[in-house]
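Colleague: Read off the chains here:
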Amino acid sequence: MAQVVVITSGKGGVGKTTSSAAIATGLAQRGKKTVVIDFDVGLRNLDLIMGVERRVVFDIVNVIQGEAKLNQALIRDKRVENLAILPASQTRDKDALTKEGVQIIIEELSKEYDYVICDSPAGIEKGALLALYFADQAIVVTNPEVSSVRDSDRILGVLQSKSKRAEEKREPVKEHLLVTRYDPARVERGEMLKLEDIQEILAIPLLGVVPESESVLRASNTGTPVILDAESPAGLAYGDAVARFLGEERPHRFLEVEKKGLFKRLFGGRAA
Amino acid sequence: MGWLDIFRGRKPVAATAGAAKERLQIVLAHERIGRTREDFLPKLQAELVAVVARYVAIDPGKVAVNLDRGGDMSTLAIEIELPGPRGLAAR
Ligand SMILES: Nc1ncnc2c1ncn2[C@@H]1O[C@H](COP(=O)(O)OP(=O)(O)OP(=O)(O)O)[C@@H](O)[C@H]1O
Ligand SMILES: [Mg+2]
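Line order of the protein sequences matches chains A and B. First residue of the first sequence: 1, per full-length UniProt numbering; consecutive thereafter. First residue of the second sequence: 1, per full-length UniProt numbering; consecutive thereafter.
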């Protein structure tokens, strides 16, 4: 049986898709059979971030509506073994998703894969609810910013009341906090919420901290999940997060301002 | 501001992260309670207006409900505009 993992946040644009692509790729790199599903019907983007946009033929809605077989819609990654992507539809709206349809797909995938990663759309409407409904675990992506933290708290409440596990009064969805776009320099200057503050407020176990990093834009430009950029701080941070997700102990990095040489300090230069 | 900032031409910025934390703690404390309980304010307002209307003729549109959510204490202010003597005479 696969573990179903939702990547969610409530708030939009905090890094769910970036994280879904990175974490799914990282799990596959470590030999786990992984499929990542884009639940953002109408605003498909995971295909671009994964670099498979030119290979999309069918999508999740086609499968639900019986217009294509699941196997026809799955796109197998060419860089990493054990990794497949199920794209969202770009033309339909979220009502095309049904709970029964999603259930059949997840059950089918569960037979073959170790991890089913669900990239949730923003909000707490149908698409987001369906993305988290079948989850065994949730990775809550949060930026160090008031509205993001509040929305994360809200989505935690939804996980605890509206997921299948909650409805069936089973063991609750396992929650993980992933802080992204963390800027230690701004934290040091007191302009940005500290990691400890976010942890104190949300009070769920910390999976990782991904620094604000130029490598993320670079990665999306080329359609390469940032975790494949093993030199970059964001790539390394996602690598650590995946290792922790699989039970390894890893110290957190990129929490402090990098000590730069005097030249760089005088004339600027940001994290790569 | 560090002295190096002078060279970078960076203006000193206010440290606002503390305010962010404090505001979040208060609003979330309230929202977490609200999750398990339905929002009673609309009902409270309707019932209050009904009670007052039994004694005085009031305009239901002239009822203002103000809530200030605090950390230690919240205040709920309900302001109902009652017609004055001239208003009553005009009826
Ligand atoms: N660590 C990071 N450093 C810098 N930029 C980042 C980082 N993480 C994400 N971004 C940028 O933030 C933007 C939003 O990211 P992403 O699309 O992953 O968010 P999302 O939560 O999936 O958004 P949506 O809610 O619209 O689905 C993108 O432009 C991405 O490049
Ligand atoms: Mg997204």
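These are computed hints drawn from the structure, not numbers from a lab. Do not take every clue at face value.
So the derived label-pair ranges between C-beta atoms look like this [what the hints assert, rightly or not]: (1) B:Ile58 with A:His252: 18 to 26 Å; (2) A:Glu188 with B:Ala53: 56 to 64 Å; (3) A:Gly247 with B:Ala50: 56 to 64 Å.
Note that the structure is predicted; figures quoted are calculated from it, not measured. For glycine and all other residues, C-beta sits at the position ideal for the given N, C-alpha and C.
Colleague: State for each hint whether it applies.
Modeller: Evaluation of the provided hints:
{"no.": "1", "hint": "B:Ile58 with A:His252: 18 to 26 Å", "verdict": "violated, 60 Å"}
{"no.": "2", "hint": "A:Glu188 with B:Ala53: 56 to 64 Å", "verdict": "holds, 58 Å"}
{"no.": "3", "hint": "A:Gly247 with B:Ala50: 56 to 64 Å", "verdict": "holds, 59 Å"}
The structure fails hint 1 only (numbered hints given earlier).
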